[in-house]
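Trainee: Those protein sequences? They're chains U and S, same order as listed. With my numbering, letter number 257 in the first sequence gets 257, and the count goes up by one each step, no holes. With my numbering, letter number 260 in the second sequence gets 729, and the count goes up by one each step, no holes.
Hints are supplied without guarantee of correctness; some may be wrong.
As the list claims (entries may be wrong) - Reference excerpt, derived from the structure (chain U facing chain S, CB under 7 angstroms, subset only): (1) 173; (2) 176; (3) 403; (4) 406; (5) 434.
As the list claims (entries may be wrong) - One side only, chain U facing chain S, incomplete, derived with CB under 7 angstroms: (6) 274; (7) 278; (8) 281; (9) 336; (10) 343; (11) 349; (12) 405; (13) 427; (14) 431.
Everything labelled a hint here was simulated from the structure, so no lab data went into it. Bear in mind that the values here come from a model prediction, so they are computed numbers and not experimental data. For every residue, glycine included, the Cβ atom is placed at its ideal position computed from N, Cα and C.
So the chains spell out like this:
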Amino acid sequence: MVMGTIRIEAQLAVIGAGPGGYVAAIRAADLGQEVVLIEERQELGGVCLIEGCIPSKALISAVEVANAAQAAKQFGLTFVAASFELDKLRSWTKSVVSGLTKGVRFLLEKRGVQIIRGRARFTGANSLDIDGSDVGGVDFQHCIIATGSRINELPTGYGLPVWTSADALNLPEVPESLVVIGGGYIGLELGLVYAGLGARVTVVEFHPHLLMGADHDLTEVVVRHSRNRLHNILVNSRVSRIERSGAGFVLTVEHEGKEQRLETAQVLAAVGRKPNTDGIGLDRAGVALDQHGKIKVDITGTTSAPSIYAIGDITPGPMLAHKASREAKVAAEVLAGHPAAFDNRAIPAVVFTDPEIAWAGITEREALEQKRPITVGRFPLRALGRARTLGRSDGLVKVISDPETKLVLGVGMVGPHVSELIAEGALALEMGATLEDLMVTIHPHPTLSEAIMEAAEAAAGAPVHTLTS
Amino acid sequence: MFEFKLPDLGEGIHEGEILKWHVAEGDRIDEDAPLVDVETDKAAVTIPSPKRGTLVSRHGQIGAVVKTGEVIAVIDDAGERVATPPQRPAATSPVVAPSPEPAAISSGSRPPAAPATRRLARELGIDINLVPATGPGGRVTPEDVQRFAAGPAPEAQLAAAPAIDTPAQAERSATESHAAEAEYAAHAATAIPFLDIEPLPDFSQWGPVEIETLRSIRRKVAHKMVTSKVLIPHVAHMDEADVTLLEDFRIKERQRRAGGRGERLTLLAFVIKAITAGLKAAPAFNASLDPFKEQIIYKRYYNIGFAADTGRGLVVPVIREADRMSILSLSEKIASLADAARAGTLESADLRGGTFTITNVGPLGGTALIPAVNYPEVAILGMGRAQEKPVVRDGQIVIRKMLPLTLAFDHRVADGADAARFVTELVRMLSDPHALLLET
Chain U
1 MVMGTIRIEA
11 QLAVIGAGPG
21 GYVAAIRAAD
31 LGQEVVLIEE
41 RQELGGVCLI
51 EGCIPSKALI
61 SAVEVANAAQ
71 AAKQFGLTFV
81 AASFELDKLR
91 SWTKSVVSGL
101 TKGVRFLLEK
111 RGVQIIRGRA
121 RFTGANSLDI
131 DGSDVGGVDF
141 QHCIIATGSR
151 INELPTGYGL
161 PVWTSADALN
171 LPEVPESLVV
181 IGGGYIGLEL
191 GLVYAGLGAR
201 VTVVEFHPHL
211 LMGADHDLTE
221 VVVRHSRNRL
231 HNILVNSRVS
241 RIERSGAGFV
251 LTVEHEGKEQ
261 RLETAQVLAA
271 VGRKPNTDGI
281 GLDRAGVALD
291 QHGKIKVDIT
301 GTTSAPSIYA
311 IGDITPGPML
321 AHKASREAKV
331 AAEVLAGHPA
341 AFDNRAIPAV
351 VFTDPEIAWA
361 GITEREALEQ
371 KRPITVGRFP
381 LRALGRARTL
391 GRSDGLVKVI
401 SDPETKLVLG
411 VGMVGPHVSE
421 LIAEGALALE
431 MGATLEDLMV
441 TIHPHPTLSE
451 AIMEAAEAAA
461 GAPVHTLTS
Chain S
470 MFEFKLPDLG
480 EGIHEGEILK
490 WHVAEGDRID
500 EDAPLVDVET
510 DKAAVTIPSP
520 KRGTLVSRHG
530 QIGAVVKTGE
540 VIAVIDDAGE
550 RVATPPQRPA
560 ATSPVVAPSP
570 EPAAISSGSR
580 PPAAPATRRL
590 ARELGIDINL
600 VPATGPGGRV
610 TPEDVQRFAA
620 GPAPEAQLAA
630 APAIDTPAQA
640 ERSATESHAA
650 EAEYAAHAAT
660 AIPFLDIEPL
670 PDFSQWGPVE
680 IETLRSIRRK
690 VAHKMVTSKV
700 LIPHVAHMDE
710 ADVTLLEDFR
720 IKERQRRAGG
730 RGERLTLLAF
740 VIKAITAGLK
750 AAPAFNASLD
760 PFKEQIIYKR
770 YYNIGFAADT
780 GRGLVVPVIR
790 EADRMSILSL
800 SEKIASLADA
810 ARAGTLESAD
820 LRGGTFTITN
830 VGPLGGTALI
840 PAVNYPEVAI
850 LGMGRAQEKP
860 VVRDGQIVIR
870 KMLPLTLAFD
880 HRVADGADAA
890 RFVTELVRML
900 SDPHALLLET
């Protein structure tokens, strides 16, 4: 067949099959839309599934077990030194990913979504061309752009074989030493993975703190734990030069006006992501960008072109899969005529370090910047029975509330499994819960979730398992 | 701050129902500009603002009854005497800013309300930021949204609703009509299957039209009739009374009494007398059904209302304790109430407390009619035109004066057999003036 000869028509064209695009396609199909989904990759699921959240969590789980085995010494349980078979770990991670991508394809196909592999490019507000497919283009009534984001290139490392997060997740080797440039959540998660796999890891962060978005009292616990695992953490530091040195690299790092040289076998650049808004013909569709290069949308996801919606990393806000999925549902519902809106009060953030960090709603730092009065109730996990029995009592849960109305404004936590606990905080925020709502809800004993109730009690000045200061 | 009290709206009027606010809280208003429409028992009046300034708060939602002398609005007229370009006074009361949270906070920029509540607001086309909250911590509850939807001027809400920072204004006209549809849907208090309430087409596309705002009596009738027709399973029972003897007697008496008591002796007075007698034997037709308490309330008093055309619409003045009055007194009362209705001087007490209604369109014509029950009463009697007709008596065709009667009633409270007995008795009394005599 001659490529690109056929044009098809669709009620809805979705560009990108990540956690935004595929969710939008499914929801729209369920609402009776005739949907075409265009994806450049062979596999569906996007960065999140193929080279992001999922493979990284698989690796983190493996390392966690190794760390847990070591920590089991306190129970009187000892193992011979743990060692990884890299091939098996790699193929297991790939099997997790491929199982999920196949699942996404199955869900889409069962709903009659037409999946086209190729690269879409707008030719107008109701039409696009597709490169690399036998379908030459789609004429659509509505389109949802869900093209996601890509890894920022490191200017100083351009042309050198430094790793990106995607490379690191492929587990090419465990280098003897690894410098991670960027102390955000990706750098820290992967740095800890490679440390757990046996590499000597140094994290270099430009800002004065790791994990800039999170409150210090949360990151502090992670930094304390990481000091035993990581070789070094350099903050307020900038990598000014990267050079090849034999099989490895030499980095020049500036710290408070002084330069220092770091030799390392491998470098991982984890310096953020940028939206995929270029090269898809947005100008021809009449889709406008904001000053940060993201697509301007209203709360329904509608862009400046009324027939076109945008969701996920290409729109303002944090680049997170769960934000994209929620926006996906909103856009699909709106274009199907339902009164949906992305009016969420909280987008939870989760960092899968060891221990984990999670927060939702306002942070203490944001409150400070806004000069907004708040009441913070903290509950340390060392006062919690379940944390003690896990042997993981380092951490805390805090609930931030309005001093006047007692409304819950934010929830932050650091500790084991807090990635699972934060959803309660997100629910409290969405529902407009007050401290009392969290306090009177019976939390099962003994569980980590009790910490949320206790923190709410602390904020209300009535804690049971801690003393008011 | 100026507290505006409901002014005296005329003799004998002590209260009014709020029909419509012309100004939203926080908006500016000029002196003498329309502030609020209030409906009294007699008419709807537009009350102008006594001051120029900012409307700080409105006291009374649509449908609320306010008494003369009660504060209905607070107007901030501070600084209004300065002859500078008008600007919004800085010191507005907190009521003006219902959003309990300062802006630009990740979680706080939107009012606290559960996702389902926020969706409800969108469905109703309401900007949830404008909804006054009653929940703990300033949380907006679903009830708050419903109350707001039923409350103030819908134009204001609709205008505010699409105020999202949108780059897609082109499609907004579609969204607005969407909001209008949602507004329509919101008025269907209950979901009735197959009931479509859709915006009307623009009739002017087919020819010239005139538009009149539904208000005052017309609006009240609309409310009453929809309530009646939706809530009451109506059944009608019809018969004809031979009023030949009665009419002979009435017309003779009336002529004899010209210039004195009874000069306006009408057939209606006799019918009322017969009805009160009938109601005593059939209490179900002098009752009310409370659907929430699941109770039937039988009234041991007989206040008979009669539909009166005022020229501005229908009113139903009530004759209290009609069963204790003579036919002569009834005829006088009917005449005075009908005059007052036409003159617009009925007291609100004259319009309340009815237990049964009679509608007499006969003088205007009509062989039969099916009236709608005056909710929350149980039954209504419709009188057609009494006219001479050929009827069969003892195998002979004779000319008799026949009065068509229809009893429409609430089948929840009474059955067809009850109605048949009631109407048959009524017909018997009207056909035989001697029978009526026993009831006086």
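Trainee: With reference to the structure, classify each hint as holding or not holding.
Mentor: Against the structure, the hints:
no.: 1; hint: 173; in the structure: violated (41 angstroms)
no.: 2; hint: 176; in the structure: violated (42 angstroms)
no.: 3; hint: 403; in the structure: violated (11 angstroms)
no.: 4; hint: 406; in the structure: holds (5 angstroms)
no.: 5; hint: 434; in the structure: holds (4 angstroms)
no.: 6; hint: 274; in the structure: violated (21 angstroms)
no.: 7; hint: 278; in the structure: violated (19 angstroms)
no.: 8; hint: 281; in the structure: violated (18 angstroms)
no.: 9; hint: 336; in the structure: violated (12 angstroms)
no.: 10; hint: 343; in the structure: holds (5 angstroms)
no.: 11; hint: 349; in the structure: violated (11 angstroms)
no.: 12; hint: 405; in the structure: holds (4 angstroms)
no.: 13; hint: 427; in the structure: violated (10 angstroms)
no.: 14; hint: 431; in the structure: holds (5 angstroms)
Taken one by one, the earlier hints fail for this structure at numbers 1, 2, 3, 6, 7, 8, 9, 11 and 13, listed in ascending order.
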